[in-house]
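Engineer: Letter by letter, the chains look like this.
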Amino acid sequence: SAVISQKPSRDICQRGTSLTIQCQVDSQVTMMFWYRQQPGQSLTLIATANQGSEATYESGFVIDKFPISRPNLTFSTLTVSNMSPEDSSIYLCSVERWANNEQFFGPGTRLTVL
Amino acid sequence: KQEVTQIPAALSVPEGENLVLNCSFTDSAIYNLQWFRQDPGKGLTSLLLIQSSQREQTSGRLNASLDKSSGRSTLYIAASQPGDSATYLCAVKEGGGNKLTFGTGTQLKVEL
Chain V
3 SAVISQKPSR
13 DICQRGTSLT
23 IQCQVDSQVT
33 MMFWYRQQPG
43 QSLTLIATAN
53 QGSEATYESG
63 FVIDKFPISR
73 PNLTFSTLTV
83 SNMSPEDSSI
93 YLCSVERWAN
103 NEQFFGPGTR
113 LTVL
Chain X
-14 KQEVTQIPAA
-4 LSVPEGENLV
6 LNCSFTDSAI
16 YNLQWFRQDP
26 GKGLTSLLLI
36 QSSQREQTSG
46 RLNASLDKSS
56 GRSTLYIAAS
66 QPGDSATYLC
76 AVKEGGGNKL
86 TFGTGTQLKV
96 EL
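Respectively, the protein sequence lines represent chains V and X.
Under our numbering, the first residue of the first sequence is numbered 3, with each subsequent residue one higher.
Under our numbering, the first residue of the second sequence is numbered -14, with each subsequent residue one higher.
Keep in mind the hints are simulated off the structure, nothing from the lab.
Check before you lean on any hint, since a few could be wrong.
Restricting the straight-line Cα-Cα distance to at most 25 angstroms, the calculated cross-link-like pairs of lysine-lysine (DSS-like) are [said to hold, decoys possible]:
| # | chain 1 | residue 1 | chain 2 | residue 2 |
| --- | --- | --- | --- | --- |
| 1 | X | Lys94 | X | Lys27 |
| 2 | X | Lys27 | X | Lys84 |
| 3 | X | Lys(-14) | X | Lys84 |
| 4 | V | Lys67 | V | Lys9 |
| 5 | X | Lys(-14) | X | Lys27 |
| 6 | X | Lys84 | V | Lys67 |
| 7 | X | Lys84 | X | Lys53 |
| 8 | V | Lys9 | X | Lys53 |
| 9 | V | Lys9 | X | Lys94 |
Derived DEER-like restraints, expressed as beta-carbon distance ranges [what the hints assert, rightly or not]:
| # | chain 1 | residue 1 | chain 2 | residue 2 | range |
| --- | --- | --- | --- | --- | --- |
| 10 | X | Gln66 | V | Gln30 | 15 to 23 angstroms |
| 11 | V | Ile65 | X | Val5 | 36 to 44 angstroms |
| 12 | V | Asp28 | X | Ser54 | 23 to 31 angstroms |
| 13 | V | Ser86 | X | Gly68 | 32 to 40 angstroms |
| 14 | V | Asp28 | X | Pro(-1) | 33 to 41 angstroms |
| 15 | V | Val5 | X | Ser37 | 21 to 29 angstroms |
| 16 | X | Val5 | V | Gln43 | 43 to 51 angstroms |
| 17 | X | Lys27 | V | Ser71 | 19 to 27 angstroms |
| 18 | X | Arg57 | V | Gln43 | 36 to 44 angstroms |
Even glycine gets a Cβ: it sits at the ideal position worked out from N, Cα and C.
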């Protein structure tokens, strides 16, 4: 399985500020994804991070709010912009193994917005 | 729109018991199904992946089955241990896409 790390592991932020979350994988992967898990809820896909092109966003998520970068095949960032308390969630990146399409997840970033 | 449901939402069992977690999905045109476990405040650990052409997969004390036509999967845990206590999530990947649609989860507690 892929080894995935995220930074920061947690943060407490003020309303109106932005936070950038980093995701690093120990091997090159084609597919990287960003998910959100709101308190007491299951995971929801935010977007697919595409290397060399703009991310593909799911319904209900927009680039202005969640800009994503994917500069190479092992790294991606997700920014949560102009935060409000409703953005308090765990944000997780995941990668898909090419051989059998199995997905692996990072440890998550727990964000609290005051 | 694919919807994934897991029953029960919570389960408490004594150590050593065998148990079954259920997952159902509304659209049977899936590519694969994955079971995960999530410990409190942590990320997800992949347990088992079943391709749409497979009926079951086994890993140690875990066995997952898939009945695609009826939209059901089960995760069987044998001889449960306190270390199995976690939330178990199933997720389906639809054909032609990359997105995983997650179930609501079953919170399992195995007591001494």
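Engineer: So, for every hint listed, does it hold in this structure?
Structural biologist: Against the structure, the hints:
At most 25 angstroms may separate the alpha-carbon atoms for a hinted pair to count; lysine 94 of chain X and lysine 27 of chain X meet this at roughly 16 angstroms. Annotation: proposed proximity of lysine 27 of chain X to lysine 84 of chain X holds, straight-line Cα distance about 21 angstroms (limit 25 angstroms). Using a Cα cut-off of 25 angstroms, the hinted pair lysine -14 of chain X and lysine 84 of chain X holds, with the two alpha carbons roughly 12 angstroms apart. Pair hint lysine 67 of chain V plus lysine 9 of chain V holds up; C-alpha atoms about 19 angstroms apart against a cutoff of 25 angstroms.
For the hint pairing lysine -14 of chain X with lysine 27 of chain X, the CA-to-CA distance comes to about 28 angstroms; that exceeds 25 angstroms, so the pair is violated. Between lysine 84 of chain X and lysine 67 of chain V, the direct Cα distance comes to roughly 20 angstroms. Compliance with the 25 angstroms bound is thereby established for this hinted pair. Restraint check for lysine 84 of chain X and lysine 53 of chain X: the C-alpha separation of about 18 angstroms stays at or below 25 angstroms, so the hint holds. Under the criterion of a C-alpha separation no larger than 25 angstroms, the hint pairing lysine 9 of chain V with lysine 53 of chain X is inconsistent with the structure, at around 38 angstroms.
Annotation: proposed proximity of lysine 9 of chain V to lysine 94 of chain X is violated, straight-line Cα distance about 30 angstroms (limit 25 angstroms). For the hinted restraint 15 to 23 angstroms between glutamine 66 of chain X and glutamine 30 of chain V, the CB-CB distance of approximately 37 angstroms leaves it violated. Under the hint 36 to 44 angstroms, the C-beta atoms of isoleucine 65 of chain V and valine 5 of chain X, about 42 angstroms apart, fit the expected range. Checked against the hint of 23 to 31 angstroms, the C-beta distance between aspartate 28 of chain V and serine 54 of chain X comes to roughly 39 angstroms, which is inconsistent with it.
Taking 32 to 40 angstroms as the suggested C-beta distance range, the pair serine 86 of chain V and glycine 68 of chain X conforms, at roughly 38 angstroms. Checking the proposed 33 to 41 angstroms range against aspartate 28 of chain V and proline -1 of chain X shows it holds: the Cβ atoms sit about 39 angstroms from each other. For valine 5 of chain V and serine 37 of chain X, the hinted distance range of 21 to 29 angstroms is satisfied, since their beta carbons lie about 28 angstroms from each other. In this structure, valine 5 of chain X and glutamine 43 of chain V break the distance hint of 43 to 51 angstroms, their C-beta atoms being roughly 24 angstroms apart.
The hinted range of 19 to 27 angstroms is satisfied by lysine 27 of chain X and serine 71 of chain V, whose Cβ atoms lie roughly 25 angstroms apart. At about 23 angstroms, the beta-carbon gap between arginine 57 of chain X and glutamine 43 of chain V misses the expected band of 36 to 44 angstroms.
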